[in-house]
Every structure is written in C-alpha cells, then in structure tokens.
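Take the sequences, apply the hints, and build the full model.
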Amino acid sequence: MMSYRAVTGLTLMVSLLAGADLPAWIPLIVAVVDLATALVNMNAVYHAERDDDDPSQVGADRPNDH
4 MMSYRAVTGL TLMVSLLAGA DLPAWIPLIV AVVDLATALV NMNAVYHAER
54 DDDDPSQVGA DRPNDH
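Using my numbering, read the sequence shown as starting at 4 and increasing by one per residue.
These aren't lab readings, by the way, just hints derived from the structure by calculation. Be a bit skeptical, because a hint or two may be false.
What the hints assert, rightly or not - Label pairs and their in silico Cβ distance ranges: (1) Val48 to Thr11: 29 to 37 Å; (2) Ala21 to Tyr49: 26 to 34 Å; (3) Val43 to Val17: 17 to 25 Å; (4) His50 to Ala21: 33 to 41 Å.
Beta carbons: idealized from backbone N, C-alpha and C, even for Gly.
See the structure below:
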C-alpha cells in the first residue's frame, strides 16, 4: 500500500499535468522525490519479506548454501 506522502505526491503530479496553476516547481520536485522514495521503500520491503528458507529460491540469486 502506498504511503500518505506518495498518494499526496501522485495527486499533486496529476493536478499539475491536468493544468493546475501552481506558482513554483518546488511542489513538483517534492512530489517526484516522494514517489521515488515510496518505490525504493516498496522494493526494500519486498526484498526484506522474501523467505530465505524457501527451497525454491535457493540458488536463484545467490549460491547454494548446502
């Protein structure tokens, strides 16, 4: 699930693309950074949640420990 800041950033980017008149580029930069951070965090959570004891993953991306 996306964080509140990521959803806020996405909403801001969509409003900018739809033609909202915002006075500065700073909100767009903040939105892009927030979305990039959310994607990096989702990737980190995915790799942290991998089950290291799952035999189907042995040798998939690391040497066999046996």
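Results of checking the hints against the structure:
no., hint, result
1, Val48 to Thr11: 29 to 37 Å, "violated, 20 Å"
2, Ala21 to Tyr49: 26 to 34 Å, "holds, 31 Å"
3, Val43 to Val17: 17 to 25 Å, "holds, 21 Å"
4, His50 to Ala21: 33 to 41 Å, "holds, 35 Å"
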